[in-house]
Amino acid sequence: MTLANMRAQGVRYVSLFCGIPCSHHADICADALPADMPVPEIGQHYRCSKCGRKGVISRPAWHRRE
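The numbering of the sequence shown is my numbering, which starts it at 68 and goes up by one.
Honestly, the hints are just simulated from the structure, not real lab data.
Just so you know, these numbers come straight off a predicted model, no measurement behind them.
The beta-carbon is built from N, C-alpha and C at its ideal position, and this holds for glycine as well.
Just to be clear, a hint being listed does not mean it is correct.
Unchecked claim - Each pair of labels, with its calculated beta carbon distance range:
{"hint": "1", "residue 1": "118", "residue 2": "75", "range": "26 to 36 Å"}
{"hint": "2", "residue 1": "119", "residue 2": "75", "range": "15 to 25 Å"}
{"hint": "3", "residue 1": "118", "residue 2": "76", "range": "29 to 39 Å"}
{"hint": "4", "residue 1": "126", "residue 2": "99", "range": "15 to 25 Å"}
{"hint": "5", "residue 1": "119", "residue 2": "76", "range": "31 to 41 Å"}
Go ahead and model the full structure; you've got the sequences and the hints to work with.
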């Protein structure tokens, strides 16, 4: 799924999840990111703000659908 597909379904935010044992979670607004970017690729560009792990998991934030 690309950000364009996600936005077409009313979702503007991406959920980022750190792995075990940290399990930290954050939602980011994806408005500034390019429409053709695949959602799973976004996590590769972020680092966990709690433990510092690079390459977190990214998924559409369906719970924030407008």
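(request) Starting from the range 26 to 36 Å, see whether the pair residue 118 and residue 75 falls in it by beta-carbon distance. (result) The hint (26 to 36 Å, Cβ to Cβ) holds, given that residue 118 and residue 75 are roughly 34 Å apart.
(request) Given the range 15 to 25 Å, decide if the beta-carbon distance of residue 119 to residue 75 lies inside it. (result) 34 Å, violated
(request) Could you tell me whether the CB distance from residue 118 to residue 76 stays inside 29 to 39 Å? (result) For residue 118 and residue 76 the Cβ distance comes to about 31 Å; the hint holds.
(message) Looking only at beta-carbon atoms, does the pair residue 119, residue 76 fall within the given range of 31 to 41 Å?
(response) 32 Å, holds
(request) Confirm or reject the claim that residue 126 and residue 99 have a C-beta distance inside 15 to 25 Å. (result) 18 Å, holds
Violated hint for the displayed structure: number 2, the only one.
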